[in-house]
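Can you build the whole structure from these sequences, using the hints too?
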Amino acid sequence: MAEEQSVVPSSQSAADAVIASISLSGSYLGVAIYDQSRTAIRLLNDVLEDQEFSTLDSLLQQEEPAMILVNKSQDIRFIRYISQHCGATISNDDVDVENSTDAVGSSFTSSTNSLPPSAEVSTSVGEPAATVPAGSPNKDTGADDGDGASDDEEDSESSPPTLVFLANNAYNFESGFKRISELFAEECSNEAENHLSTRFRIDISSRNMVRALGALLKYMDSARIGVEYEAANVRTPITTIKTIRIGEMVEIDKDTYRALDIFSDDKGKQRPFSNASESSGAKSLFALCNRCRSAPGKYMLRKWFGSPTADREVLVKRQKAISFFLQDCNLELTGKLHTLLGSLRSVRHILNRLRAGTAKVAHWENLYKTISSSVMIGRYLESLSSPLALLKDDIDCYSETLVETYAVLNAMIDFEESYAENRLVMRPGVDPELDRAKGLYRQLPSILTRVAQEEASRFQAATCSVAYVPMIGYLVALPHDFQVENFEDVEVIYSTAHTLHAKDEAMRKLDEDLGDVKMRIIDKETTITLRMSSLILSRSSLLLAAERAGALLDVVISLSLTARHYGWTCPKFVDEPIIDATRVYHPLSQLITEHFVPNPVSSGVEYSKIKIFTGPNACGKSVYLKQVGLLVFLAHIGSFVPADFARIGTVNRILSRIYTVDSVLDGMSTFAKDLDQISFALRRGNERSLVIIDEFGKGTMTEVGLSLLASSLSYWAAKGRDGCPHVFVSSHFHALQELITDVHGIISYHTMEVLKRGAELTFQFRLVDGLVDSSFAVYTACKMGIPQEVVDRANEVYEHVRGGNALTELSCVDSDEERKNRWLARRMQGILPDFEDFDVDHGLDGLLDLIGESLLEPDERIGQTSSQESNATPEKNDEEEAEDEEEGPEERNSSLPPLERSASEDERYTSLQELDESRSSLPSALRTKGKKVDRSNLSVSFAIDMDEVRTEIATTTTTSDSEAMERVKHIVIADSDDESQSVRSIDETSATVNPLIQKMKKNLLKDRRRPFRRHNLLNPLLSVHHLLHRPPRRFLVNARALCRAIHH
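In our numbering, the protein residues as written are 1 to 1048.
The hints are simulated quantities; they were obtained by calculation from the structure and are not laboratory data.
Here the structure is a predicted model, which means the values were calculated and not measured.
Backbone N, C-alpha and C define an ideal beta-carbon position, used for all residues, glycine too.
Treat the hints loosely; a few may be bogus.
[Stated by the list, open to error] With a straight-line cut-off of 25 Å between C-alpha atoms, the simulated DSS-like cross-links for lysine-lysine are:
(1) K783 / K756
(2) K524 / K509
(3) K336 / K392
(4) K336 / K369
(5) K336 / K317
[Unchecked claim] Per label pair, the in silico range of CB-to-CB distance:
(6) E417 / F573: 52 to 60 Å
(7) L682 / V797: 29 to 37 Å
(8) L739 / L761: 21 to 29 Å
So, in structure tokens, the structure goes:
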């Protein structure tokens, strides 16, 4: 359902109107504006807004929108401000308060004016848009009270914009982002690419801006702005999207704030500066400078940090105020003011409590202390020979009216009694009637005692008392057995088990003479409290000005104390785009470094504008880049700077590629985030911008990262000295110099001084001109605790690659393990033809002989043993006995049926036992270590029960394959060294083993012309070797099936 809207103001026609959508939450303001004449959208990323809405006021004056869209569920203070700006009136009935959040309803002052049919609006979220028409009757706007039409002779600039309230879900973030993504859908092939493209072009971390832009697009879709006579599927044309810069505000994105440690992500680290925590170093720049004593002062300081400005007039005023409190002659005054500022509280919060009627005693006391401190501060400021220019707009608040307000509160409120009563209690002398009631209330106990004695004498009662019961009045309490019928004037009101509560003539007289004196006192004091609240609210502008002046004093005193403590100096602002400073140091690094080495900063005018820093790791490049950023930032909030001298031309942006925050929720990789920051710097940077880049390009291939960095620097260098921003870059791309085009000669190369004494490096952290061709990363790794063998290998690889060789040509590490593996590889390569031609169906003896001859040295091979040794049972070592105890009797007994062997079979069995005993002499890669087997060089290992091998060998010539397979009831295949086993059927085992063996065979039979790969031969032969040398009874496998699979 569409509601009647008012006409677009006469200052702008419907064809070129500007529509602004505003979202405010969490003290951050986001705005999206559509300009119909240019079919362009301009965005204001989230900025910190104060309680006076100064940023929004500057924006509205700068952009002059014809229509303003806001969320009807915004805070009531914002609604009242924006309504006043639009010349609208809102009655109390139009305000809904729910859960302490003020929201505006949909009923507003109406107007006879209406939009053309094409401009009638209903929101796309299912609720009608409530419209406050421009020029609604309001004495402050000067609108005509007649028919509501604008005067033809009235200046066009006086026409206020139309105010439209949208439903809360129109400002939903998720739906807003989805609608924004549709702007770029045509140039993307799928949804994932569309979302990535949107994130590259829109800063989704500015959630209020995204909400405002989403609501704006939805509104334009519903109202069909600019496409009234087009087809239904045609949307409002949008050709460009730009960023808004409000006045002289310096533009800094959130990533730069994080990279420079201006604010801490941990709110616990934002606490004010303290000497006890100075050595910890775990604080942000804001926490370092935050020595404010009051909550308004801390909020004001955060506002300065969140909104740096290039307005030189404002900056100079702040510098002069800081210089005043830095002077030695003003130290006593500074200390007194700093102490008084500790009593300052948020007046705006107290005023809101007074309006809502929920102010408690603590709020009144805070208000009293605030006004009292403000009066004292005003007296100190009056004693100054010349007033502070910073307080020029608010100095009038320290007037007699403020003193009168303090006197009223001091004379009327008794805070000690108020806390005891938990309500506001007035002092004596405020009201004669109230004083009489309080006097009577103080005499009430003695009066009731006297009346009780008279009643006891009259009734001849042993006990008698008088009490007051609300809503009933005074009652006399008599014993339960009292004869009431003997007295005609006594009326029993109620009784308990032991007492009668009655009313007689004396009690009725007390009701008439005294009544509920306590309630009369409370009612009277409540009336006085309401009158005081009205007085305070009528002077709210004065009190807010006093709060603002106190906050400004708190901020400049805090910055002056910081400057005095660390020896900061006042920067000088010049017209030229230059950054020139000597002995600059990082304010945070200085806290944790015993001897910090300061360095100069020079860029612009007679200096180069692009500075490229190379040097070893950990030599101080990143710290230098950050201290340049902090130097410029502190200057643009009006603070002193950590340098001996500073000459700075104001900048309009501080852009960086230092800090990257990864999140799986945004769908962007680390390198994509880096590209996004570089892209923004390339688009927005101009001759008055500062760009800081720290090791860009390391998140991708070296060639790609190097080319992107070189082309970006060449792009800026091509702009010349008058168009290039101040660029500070650190990089480990030593070939960067050869790839950059510097036609105008504005690029210089610098490094940090390093002294090399033999193999040791000494970092001097001193800036010098020149280039380095080594990062000494391996040296740094060694100092950071990397093992020496890893460092040595890294040096070997580095020298190999530096010589122009490929990594595939690099030899393996010449360790004992590698030498043994190479020895095995040569042996196995020699027996490869025999292994391929071996026929397992003729028995395993030949295979065992082949393996023994190939893998064992001559002195390791099994010799002939005596009959006594052959008949002896091999002894078990301690580890094997312990292993047998762990496995238990059931696992020690073989599951295969016992076989009877002939004498020749016994001899063969003895040989296998000797082969089993010889496993301790094998190389470490093939030898069992305790219970575990080193299989770091194996991709597959098979093990069998030795008894099963012997059984299979003994029955090779006497039993058919099918009969042998039937005797095997279960099989266990192990692919790790843990104790877990999986028992499978023989069919499952064949299905598992056969494909694996076929893969081994395929690797063995690959083209011989290809380079030999050790693992192609090593894995299958070592598997067979393990088949014979695994500890007995650890794992079971069908040996005959395995050998047959290898053969086939």
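Here is what the structure says about each hint:
no. : hint                    : verdict
1   : K783 / K756             : 15 Å, holds
2   : K524 / K509             : 23 Å, holds
3   : K336 / K392             : 21 Å, holds
4   : K336 / K369             : 15 Å, holds
5   : K336 / K317             : 22 Å, holds
6   : E417 / F573: 52 to 60 Å : 56 Å, holds
7   : L682 / V797: 29 to 37 Å : 35 Å, holds
8   : L739 / L761: 21 to 29 Å : 28 Å, holds
The structure shown violates none of the earlier numbered hints.
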